[in-house]
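Engineer: Residue numbers (full-length UniProt numbering): 1 to 332.
The reader is advised that the hints may include incorrect statements.
Below, a list of computed lysine to aspartate or glutamate pairs in the EDC-like style, where the Cα atoms sit at most 20 angstroms apart [said to hold, decoys possible]:
(1) K195 with E261
(2) K98 with D230
(3) K88 with D230
(4) K98 with E261
(5) K199 with D97
(6) K318 with D262
(7) K318 with E261
Have a look at the derived ranges for each label pair, beta carbon to beta carbon [claimed, not checked]:
(8) G74 with V311: 22 to 28 angstroms
(9) L70 with L247: 27 to 33 angstroms
(10) L231 with W66: 40 to 46 angstroms
(11) S55 with V228: 50 to 56 angstroms
(12) A189 with T150: 47 to 53 angstroms
(13) S23 with P93: 35 to 41 angstroms
(14) L251 with F143: 26 to 32 angstroms
(15) R315 with L82: 25 to 31 angstroms
(16) I304 with N194: 30 to 36 angstroms
(17) I187 with R67: 16 to 22 angstroms
(18) S23 with A179: 24 to 30 angstroms
(19) S55 with V33: 25 to 31 angstroms
(20) V171 with L244: 32 to 38 angstroms
(21) P227 with S259: 24 to 30 angstroms
No lab work stands behind these hints: they were computed from the structure. A virtual CB, placed ideally from N, CA and C, is assigned to each residue, including glycine.
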Amino acid sequence: MTRPRFLPDNFTLTLIGVVLLASFLPASGQVAVGFGWLTNIAIALLFFLHGAKLSRESIIAGAGHWRLHLLVFGLTFVLFPLLGLALKPLLSPLVGDKLYMGMLYLCALPATVQSAIAFTSLARGNIPAAICSAAASSLFGIFLTPLLVTLLLNVHGDGGSTLDAILKISVQLLLPFIAGQIARRWIGAWVGRNKNWLKFVDQGSILLVVYGAFSEAVNEGIWHQIPVVDLLGLVVVCCILLALVLLASTLLGKVFGFSQEDRITILFCGSKKSLATGVPMAQVLFAGSTIGVLILPLMLFHQIQLMVCAVLAQRYAKRPESVPELMAQVDP
Numbered sequence: 001m002t003r004p005r006f007l008p009d010n011f012t013l014t015l016i017g018v019v020l021l022a023s024f025l026p027a028s029g030q031v032a033v034g035f036g037w038l039t040n041i042a043i044a045l046l047f048f049l050h051g052a053k054l055s056r057e058s059i060i061a062g063a064g065h066w067r068l069h070l071l072v073f074g075l076t077f078v079l080f081p082l083l084g085l086a087l088k089p090l091l092s093p094l095v096g097d098k099l100y101m102g103m104l105y106l107c108a109l110p111a112t113v114q115s116a117i118a119f120t121s122l123a124r125g126n127i128p129a130a131i132c133s134a135a136a137s138s139l140f141g142i143f144l145t146p147l148l149v150t151l152l153l154n155v156h157g158d159g160g161s162t163l164d165a166i167l168k169i170s171v172q173l174l175l176p177f178i179a180g181q182i183a184r185r186w187i188g189a190w191v192g193r194n195k196n197w198l199k200f201v202d203q204g205s206i207l208l209v210v211y212g213a214f215s216e217a218v219n220e221g222i223w224h225q226i227p228v229v230d231l232l233g234l235v236v237v238c239c240i241l242l243a244l245v246l247l248a249s250t251l252l253g254k255v256f257g258f259s260q261e262d263r264i265t266i267l268f269c270g271s272k273k274s275l276a277t278g279v280p281m282a283q284v285l286f287a288g289s290t291i292g293v294l295i296l297p298l299m300l301f302h303q304i305q306l307m308v309c310a311v312l313a314q315r316y317a318k319r320p321e322s323v324p325e326l327m328a329q330v331d332p
């Protein structure tokens, strides 16, 4: 049977199904703990396979792509905060003062790591540059986010263990990637021949993150803490903010003459905000405040960005393969 044109692709439909499942049957208690471990394992496997697939030459080239990294950092830590401040006449009346504070906090956060890389991989962008850019954003965000929060919201945290945050990132992401690099000499050719496995791991990690994030939101009950009108206004505000950043990412990538693979990386790495980093930071920076309301914009923006980027990644993935991509398949 011919697939109706109005239907989204299978992955987008699955993503919607996961959101509905988490909304009605969220993981809680020991199930949530076990699910968290499963998600961490899936993310570690994702980075292990990327480490096994990528050559050292491509990683060095990705790390040295300073123009791309500078643009992604500018989008994440400059454009987002400036938009948050510039749009105050629109944002504050739509969502109220508390949720607007949450929007400013969202704008100060670093980019995601796993979903940015997963979407870049799914869309066949510059994966080495995405890994370097996203990981660096997360690490530098540990220092830059508290500073931006102080400037934007005039909030001072009680301090925190920067070393613990760096250690967590290293254990979950860097060590599996290094292990994959070490194992590349034995399994690199096999991973190259079975690249569909990597595609399923990419998609699976995204689905796990979405389900976990929605489950946490439902269990905390923060959807009931604000009026429906403000919640609808928050959806509109998050969509506007994401659309502006996506548009800026696309235009700037073209203006500065980046290749299509690089523009894909800029799009997915420069438009993300990290829920995994934002929630723990909020517990330190907003001690004694109503944390649930302040992180609600982040949680909603996180879901919207995943849904929108899933559709964009699928569209990019359907484009014809370029000559460098075909050559890479011949020599993994």
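Engineer: Checked against the structure, which of the hints given earlier come out wrong?
Structural biologist: Hints 4, 5, 9, 13, 17, 18, 19, 21 contradicted; others consistent.
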